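Protein chains in written order, with this note's numbering: chain A, 1 to 613; chain B, 1 to 349.
Just so you know, these hints were derived from the structure itself, not from any lab.
Model, not experiment: these values are computed from the prediction.
Misleading hints may appear alongside valid ones.
Straight line, CA to CA, 30 Å or less: simulated DSS-like cross-link-like pairs of lysine-lysine [as the list claims (entries may be wrong)]: (1) A:LYS179 <-> B:LYS338; (2) B:LYS275 <-> B:LYS285; (3) B:LYS28 <-> B:LYS145; (4) A:LYS220 <-> A:LYS179; (5) A:LYS419 <-> B:LYS338; (6) B:LYS298 <-> B:LYS191; (7) B:LYS338 <-> A:LYS220; (8) A:LYS468 <-> B:LYS28; (9) B:LYS338 <-> A:LYS176; (10) A:LYS183 <-> A:LYS261; (11) B:LYS285 <-> B:LYS261; (12) B:LYS338 <-> A:LYS180; (13) A:LYS180 <-> A:LYS271; (14) B:LYS338 <-> A:LYS271; (15) B:LYS28 <-> B:LYS159; (16) A:LYS179 <-> A:LYS193; (17) A:LYS419 <-> A:LYS468; (18) A:LYS148 <-> A:LYS181; (19) B:LYS298 <-> B:LYS274; (20) B:LYS338 <-> A:LYS261; (21) B:LYS338 <-> A:LYS413.
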Amino acid sequence: MATTQIDISEAAQSTEPQRVLNDLSIEVATVNGSGSQTANTVLLRAIFQMGIPVSGKNLFPSNIAGLPTWFTIRASKHGYIARRKEIDFLVAMNPETAEEDVRGLDAGAAVVYDERLNLKRLRNDLVFYPVPFDPLVAPCCPDARLRKLVRNMIYDGVVAKLLGIPMEEIHTALRKQFKKKVKAAELNFNAAKAGYEFAEKNLVKADRHYLERMDETRGKIIIDGNSAAALGSVFAGCTVLTWYPITPSSSLAEAVIEYMKRYRIDPATGKATFAIVQAEDELAAIGMVMGAGWAGARAMTTTSGPGISLMAEFVGLGYYVEIPAVIFDVQRVGPSTGLPTRTSQGDILKTAVLSHGDTKHLLLFPCSVEECFTMGIEAFDLAEEFQTPVFVMMDLDLGMNNWMSDPFPYPEKPISRGKVLSVEDLNRLGHFDRYRDVDGDGVGYRTLPGTRHPAAGYFARGSGHNEKAIYSERPNDYANNMDRLAHKFETARQRVPGPLIQNGRGHEVGILAYGTSHWAVVESLDQLKQEAGIEAGYCRLRAFPFNNEVKDFIRQHERIYVVEQNRDGQMHSLLRMEIDADDVKKLRSVRHYNGIPIDARSITDSIVSQEEN
Amino acid sequence: MATTTLPPAPPRKVNRIGLEVTEYRGNKSTLCAGCGHNAITERIIEAFYEMGVEPHRVAKLSGIGCSSKSPAYFLNASHGFNAVHGRMPSVATGTMLANRNLIAIGVSGDGDSASIGIGQFVHLMRRNLPMIYIIEDNGCYGLTKGQFSATADIGSKLKTGVVNDLPPIDTCALAIMLGATYVGRSFSGDKKQLLALLEGAIAHRGTVMLDVISPCVTFNDHEGSTKSYSYVKDHDEPISDVSFIPFFEDIAVEYDPGTTKDIVLYDGSHLLLKKLANDYDPSNKAEALRVLTEAHDKGEVVTGLFYIDTQRPDFLGLLNVVDEPLATLPESRVRPPKEVLDAVMAELQ
Numbered sequence: 001m002a003t004t005q006i007d008i009s010e011a012a013q014s015t016e017p018q019r020v021l022n023d024l025s026i027e028v029a030t031v032n033g034s035g036s037q038t039a040n041t042v043l044l045r046a047i048f049q050m051g052i053p054v055s056g057k058n059l060f061p062s063n064i065a066g067l068p069t070w071f072t073i074r075a076s077k078h079g080y081i082a083r084r085k086e087i088d089f090l091v092a093m094n095p096e097t098a099e100e101d102v103r104g105l106d107a108g109a110a111v112v113y114d115e116r117l118n119l120k121r122l123r124n125d126l127v128f129y130p131v132p133f134d135p136l137v138a139p140c141c142p143d144a145r146l147r148k149l150v151r152n153m154i155y156d157g158v159v160a161k162l163l164g165i166p167m168e169e170i171h172t173a174l175r176k177q178f179k180k181k182v183k184a185a186e187l188n189f190n191a192a193k194a195g196y197e198f199a200e201k202n203l204v205k206a207d208r209h210y211l212e213r214m215d216e217t218r219g220k221i222i223i224d225g226n227s228a229a230a231l232g233s234v235f236a237g238c239t240v241l242t243w244y245p246i247t248p249s250s251s252l253a254e255a256v257i258e259y260m261k262r263y264r265i266d267p268a269t270g271k272a273t274f275a276i277v278q279a280e281d282e283l284a285a286i287g288m289v290m291g292a293g294w295a296g297a298r299a300m301t302t303t304s305g306p307g308i309s310l311m312a313e314f315v316g317l318g319y320y321v322e323i324p325a326v327i328f329d330v331q332r333v334g335p336s337t338g339l340p341t342r343t344s345q346g347d348i349l350k351t352a353v354l355s356h357g358d359t360k361h362l363l364l365f366p367c368s369v370e371e372c373f374t375m376g377i378e379a380f381d382l383a384e385e386f387q388t389p390v391f392v393m394m395d396l397d398l399g400m401n402n403w404m405s406d407p408f409p410y411p412e413k414p415i416s417r418g419k420v421l422s423v424e425d426l427n428r429l430g431h432f433d434r435y436r437d438v439d440g441d442g443v444g445y446r447t448l449p450g451t452r453h454p455a456a457g458y459f460a461r462g463s464g465h466n467e468k469a470i471y472s473e474r475p476n477d478y479a480n481n482m483d484r485l486a487h488k489f490e491t492a493r494q495r496v497p498g499p500l501i502q503n504g505r506g507h508e509v510g511i512l513a514y515g516t517s518h519w520a521v522v523e524s525l526d527q528l529k530q531e532a533g534i535e536a537g538y539c540r541l542r543a544f545p546f547n548n549e550v551k552d553f554i555r556q557h558e559r560i561y562v563v564e565q566n567r568d569g570q571m572h573s574l575l576r577m578e579i580d581a582d583d584v585k586k587l588r589s590v591r592h593y594n595g596i597p598i599d600a601r602s603i604t605d606s607i608v609s610q611e612e613n
Numbered sequence: 001m002a003t004t005t006l007p008p009a010p011p012r013k014v015n016r017i018g019l020e021v022t023e024y025r026g027n028k029s030t031l032c033a034g035c036g037h038n039a040i041t042e043r044i045i046e047a048f049y050e051m052g053v054e055p056h057r058v059a060k061l062s063g064i065g066c067s068s069k070s071p072a073y074f075l076n077a078s079h080g081f082n083a084v085h086g087r088m089p090s091v092a093t094g095t096m097l098a099n100r101n102l103i104a105i106g107v108s109g110d111g112d113s114a115s116i117g118i119g120q121f122v123h124l125m126r127r128n129l130p131m132i133y134i135i136e137d138n139g140c141y142g143l144t145k146g147q148f149s150a151t152a153d154i155g156s157k158l159k160t161g162v163v164n165d166l167p168p169i170d171t172c173a174l175a176i177m178l179g180a181t182y183v184g185r186s187f188s189g190d191k192k193q194l195l196a197l198l199e200g201a202i203a204h205r206g207t208v209m210l211d212v213i214s215p216c217v218t219f220n221d222h223e224g225s226t227k228s229y230s231y232v233k234d235h236d237e238p239i240s241d242v243s244f245i246p247f248f249e250d251i252a253v254e255y256d257p258g259t260t261k262d263i264v265l266y267d268g269s270h271l272l273l274k275k276l277a278n279d280y281d282p283s284n285k286a287e288a289l290r291v292l293t294e295a296h297d298k299g300e301v302v303t304g305l306f307y308i309d310t311q312r313p314d315f316l317g318l319l320n321v322v323d324e325p326l327a328t329l330p331e332s333r334v335r336p337p338k339e340v341l342d343a344v345m346a347e348l349q
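For reference, chain A alone in the conformation it holds in the complex (with noise of 0.2 Å):
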């Protein structure tokens, strides 16, 4: 390791770099519990204001505070929003990882750091920027108390002055962040200046990145997934939410409560529409979304791995007794203290097939804070029309993560709450069947308790009963109803979200993802064309079952590579499961988990290299 110190301006004299302009990615290295979280969120937004595409994305420990946390800020004229590999300018604050992080840079990368840190011995490929962060702080922070939490704001000036952020932008951002606490606001705004103003004194431009306005992020808004797909729940109509706090889903349950609160109390009686449990365990929590939605509520319970698998038995009865139940799963690394607060794509497989028996379930597959609106609001119809729990397969990056978006549509369709038999209808008919195919469709109609009429009871159980909803252990009776619900399968695979394809006909190479592997694949399929003059089709994933333009996706391809964020290729099994014998030797896989979002780098590195194979 060379120790030769480079004097800053000696490295600007000796190479005048090329200007990169609005395409780099920050890491920002810190502490978690240090209150780093406002000045990465205010430096996300400040470059967000400036109608340059950004994103962000937290890699944070399963802990509250003391340990090693990294927050990366991406922006890119092209639009491109998935993790980037490469890291253009550091931050490195936090002493216990700063040695680690420099080495890993590429030549040429930026570092800003507390000069006490003295990382200038440790590369000399490197433009390094100093800073007094402890001398600098006092002065604008009186507070002593104060000062760990607005000592972050430093770099924030400092990197606006090295990038050119124009300060009113971090102001604008710090106004946004703080409300209606305007003193908090200003504090920290002084300490973002005193790095401005340090900046512009001392340090020397060397590295080779500048961010100017652009006019991309216009009328767009920045919301996590979690937060909209609770807002999803709420203009779904959700009447009922149960849950056990597990990360990463608390937050999603949390901000259900938050906007229920705002916009769910009755304003003629000041009483709720809505009742929200925090449930002793996940048993509960989906036992009591099971007597919601047999009783008629629109319920909901919010969970992650563990839970999905606490949850299986009552999954398993509600396939049985036919409840509607919408289950966001926001996916999550591994068993009990494995990785918690890491990303992962790990319960697709499980999750289809989810209890025991015969079973298998509707799955959605948000890819971005849009979808998890959207699909927020289509899982709870998809539920009732279908009579049966869906499940939405979030992750913790696109839950967790803040992401920029076009603003939500408002539903255009009314709610529907599938087929459910009034009192007249029930005067009208006479008597109804619960189980019985009455449409041909395989969904038969149901009664709410309380209906008051005395022909609309009926006994829910497992699935020993015929369809009248009798008990029953005839053969033919188990057997037609097994058969009945394979059907109701068949009938949503046509309902539920078609995949979107895109460049779909015309290419030996298709490429299949889901979720949030789909900002990678984008980013990508442009690598893949323009470095190896790879063309590939592309179809995302949106519901399990599969629409058949899946199927006639993969006919139409000579190879498919299907991207997911797991080490088993789950995706992958679950399309050999579903796809004709012939097609299912033209899948290939690409698989990414190390805990960390998927990044564009590893797609195209691997199917350039099975090409080549």
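Chain B: place on chain A using the hints.
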């Protein structure tokens, strides 16, 4: 032409809403002949009939086990839900969240409540959800052929000779400690007491927890068992004499305030608790727990109403939900208008 006169039909016996008792019946029981559970079913039918409850307002819930089959044997016109083992409390909770106007009655067993379902049981008690929760308690797992349950007493013996060496869980003591507001124990063989407690349960608003000793004639009714008919009959110690006067009967009952407590229930009905051996105050939690603990030590089966609180708000009141069932609120009340979404979007820009 000769005319014949038919004898007049006997007058139909109906309750206050004009229904016959048959309209409160269910399917034929498939439990063993003589099972205590069938006697409890009869009292449930009687209580709902006598109280004139509209069957469509009732939701019947259960878990898994012999006990949990019994909702199929009463109130055929009501909706019923046979849930999974030990998880009826959560299904009942969800059901009441969806429709607060329902009258929920859950039937569980000692295995279903005190073992696999103990987690949901204790949390249900904490919430004071308006529902009637009945444990048909026979101290064993009947449907899997007679294993001990967690309410079996120390020293009680199985048919096979196995002796239980672990202390029992007293579901009444738990319920009282955790917040249920109407807690009692009865015996399937005590028609009068059980009926009065059930009618009082229908008149109460909050969690009713009734542990009803209900001997298993097939697996736990032998010499050496503390849950047999003969043992319970011999050791039954009622804590007071319970009688019930429904709100719709305008009967002035004369009682001695020195020996009888008159409790006015949520719907205006009265429970009269007549003193037997000792004074007993059913509003005193600590007293109730002392009596239950002492009864265990003495090998007695103390029965009656142990605890009542007519003031504690129920769970749906705490949640401040609208008066109408959430299940059937129209779209206009559950989907905010476009202006609200526009305002949220503007805030996020």
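Keeping to a limit of 30 Å between CA atoms, is the pair of LYS338 of chain B and LYS261 of chain A held or broken?
The hint holds at about 17 Å.
Against the 30 Å threshold, does the CA-CA distance of LYS419 of chain A and LYS338 of chain B hold or violate the hint?
holds (27 Å)
Holds or violated: LYS220 of chain A and LYS179 of chain A, Cα atoms, limit 30 Å.
Given that 30 Å is the threshold and the Cα spacing comes to 19 Å, the pair holds.
Starting from LYS298 of chain B, check that the Cα of LYS191 of chain B is at most 30 Å away, please.
holds (25 Å)
Is the hinted pair LYS419 of chain A and LYS468 of chain A satisfied, with a Cα-Cα distance of at most 30 Å?
Holds: LYS419 of chain A and LYS468 of chain A sit about 16 Å apart, inside 30 Å.
Hinted pair LYS28 of chain B and LYS159 of chain B, Cα distance within 30 Å:
Holds. LYS28 of chain B to LYS159 of chain B sits at ~28 Å (cutoff 30 Å).
So if I understand the rule, the pair passes when the alpha-carbon distance is 30 Å or less; does LYS298 of chain B with LYS274 of chain B pass?
Roughly 23 Å between the alpha carbons, so the hint for LYS298 of chain B and LYS274 of chain B holds.
Can the restraint linking LYS179 of chain A and LYS338 of chain B be considered satisfied, given a maximum Cα separation of 30 Å?
Holds - the C-alpha atoms of LYS338 of chain B and LYS179 of chain A are around 24 Å apart, at most 30 Å.
Within 30 Å, alpha carbon to alpha carbon, are LYS179 of chain A and LYS193 of chain A?
holds (19 Å)
LYS183 of chain A and LYS261 of chain A: Cα distance at most 30 Å?
Answer holds: LYS183 of chain A to LYS261 of chain A is near 27 Å, not above 30 Å.
Against the 30 Å threshold, does the CA-CA distance of LYS275 of chain B and LYS285 of chain B hold or violate the hint?
Distance of about 18 Å is within 30 Å: holds.
Does the alpha-carbon distance linking LYS468 of chain A and LYS28 of chain B stay inside the 30 Å limit?
Within the cut-off at roughly 17 Å; holds.
Of the hints listed earlier, there is not a single one the structure fails to meet.
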